[in-house]
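Below are the chains, spelled out letter by letter.
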Amino acid sequence: MTHDEIISQLKNVMKQSSQESADWDNIGDDSSIQSLGFDSLSILDLIYDIQQEFGIEFEAEELATVRTVGELVSFLKEKGV
Amino acid sequence: MLMADFKCRLKADQGFKMNEKKRVVVTGFGAVTALGMNVSDIWTEIMAGKTGIKNLTCFDTTEYSTRIGAEVDNDKLAQRLADIKFKRYDRTVEMAIVSCEQALKHAGLIGDGPDYNPQRIATIIGTGVGSAHSLFHAYNCFFEKKVRGMRPTTVPRCMANATSAQVSMKFRLTGTNYMITCACASSTVAIGESFRMIADGYENIVLCGGSDAIFEPASYASWNNLGVMSKNPDPLKACRPFADDRDGCVLGEGSAALLLESLESAQSRKATILGEIVGYGASSDAEHITRPSPEGQANAIRNALSSAEISAAEIGFVNAHGTATRANDECESASILNALGSSADDTPVSALKSYFGHLLGASGAMETIITILCLQKNILPPNLNLENRDPNCHLCLVGNTPTETNASYALKNSFGFGGTNAVLVIRKWHD
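Protein sequences, first through last, are from chains B and U. Residue 71 in this note's numbering sits at position 71 of the first sequence, with consecutive numbering throughout. Residue 274 in this note's numbering sits at position 274 of the second sequence, with consecutive numbering throughout.
Treat the hints with care, since some could be wrong.
To be verified - Going by beta-carbon spacing under 10 Å, a handful of chain B positions derived as facing chain U:
(1) 13
(2) 18
(3) 19
(4) 21
(5) 42
(6) 43
(7) 45
(8) 47
(9) 48
(10) 60
(11) 65
(12) 66
(13) 68
(14) 71
For the record, the hints were derived by calculation from the structure and aren't laboratory data. All residues carry an ideal CB built from backbone N, CA and C; glycine is no exception.
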């Protein structure tokens, strides 16, 4: 998948799991995941939804250093998405 | 001196008036059922003699022996949730959010939102089943993918107190919040306990009611196999409380909420008072898990009258539990006769489950709201589908058209599996 395709699919997943009404049309690589309405609980749902959506498995701890959408896309690419 | 005596004397010395109860009034209500997305629409449909029971559409009912029910319009529910800015969650929670928002707004305690200021209001919600849809989804995921299939937020979504917790958080209600679960009596008990809480001075304002969303394949299959649901395929005719040809209940989904507060609180903020809760009685059959007991039910009615300090002769209307099962309606008739004595001969009785189905844990709250409106508007709802009265139900049943009333007091009965009996006494509000 291309970078843009991953972001587009990721946006749909994030919309579902987020607790806030973020400006989803304008999120990009620099957007902080926390600012999109994810707290310590809902981030667990996001990880679950990403695993279901992209058909991959990983531990939550592996995302410990991921802060932005761009970093998350890079992480997913490393996992073979 | 016993500690209890000491505490009483201490309070008396400090100037407390012992046993002085506060009056409890209703200043707001809201509801979501198959008949409408607010109380006003539901009332209009009832008085027009319409039912919300239809063929079920939310899942494939081919293998079920009962294929009808009273479903809430999903598109309208989604729109209301979007208006309130509440993300889709569990259906039981969602419907409670909508009805509670209406009740709080009706009482003048919140504006349009979506941000709310914290207020000292308790949240006491009843449910029979709880987060049925989320549980169904969670078990499906588990059976499909085992441990890895389980969504991390399954616990907060499915916990038995999910509804009161979400309502409390959404509207920033900082009084105590908890759920009451006693099957079909749940929301009547929620109102009763809220009444006591305010009367005894523990809370000043309580948001109470009930919510249940039973239409998911597994929960509905459980009811299907229990053998208490009507097998009549005609949705308009299937639910027939107190009729000789009744053959069981018809389920519905929905939520109803009432805002209860002390009379002083309502008057001090110049709230419009809709009615007054003046008594609450409860009892347990302590006999059988599903078969009702006339003694247990009559005890609850007597306890309610005693709590209200009125006689049976003062009751001008009984809003029955009236599930339309063979056992319940006959048992409830005997209970009413037993508790009200000769006063039952001319006390009109109506049952409302033929309109919006049996709402389980939300039924008592929905039916209490309609009872308050009956007293307020001096009119009683017809009993739908009562062409042939059961000769074993010796009650003064309202016929097939609305009937005028000048009743000042009404009883609301609710009886649940597990033997929980709960009865409210409601007084018409006179300005």
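Exercise. What hints, given by number in increasing order, does this structure fail?
Worked result: Numbers 1, 11, 12, 13, 14, in rising order.
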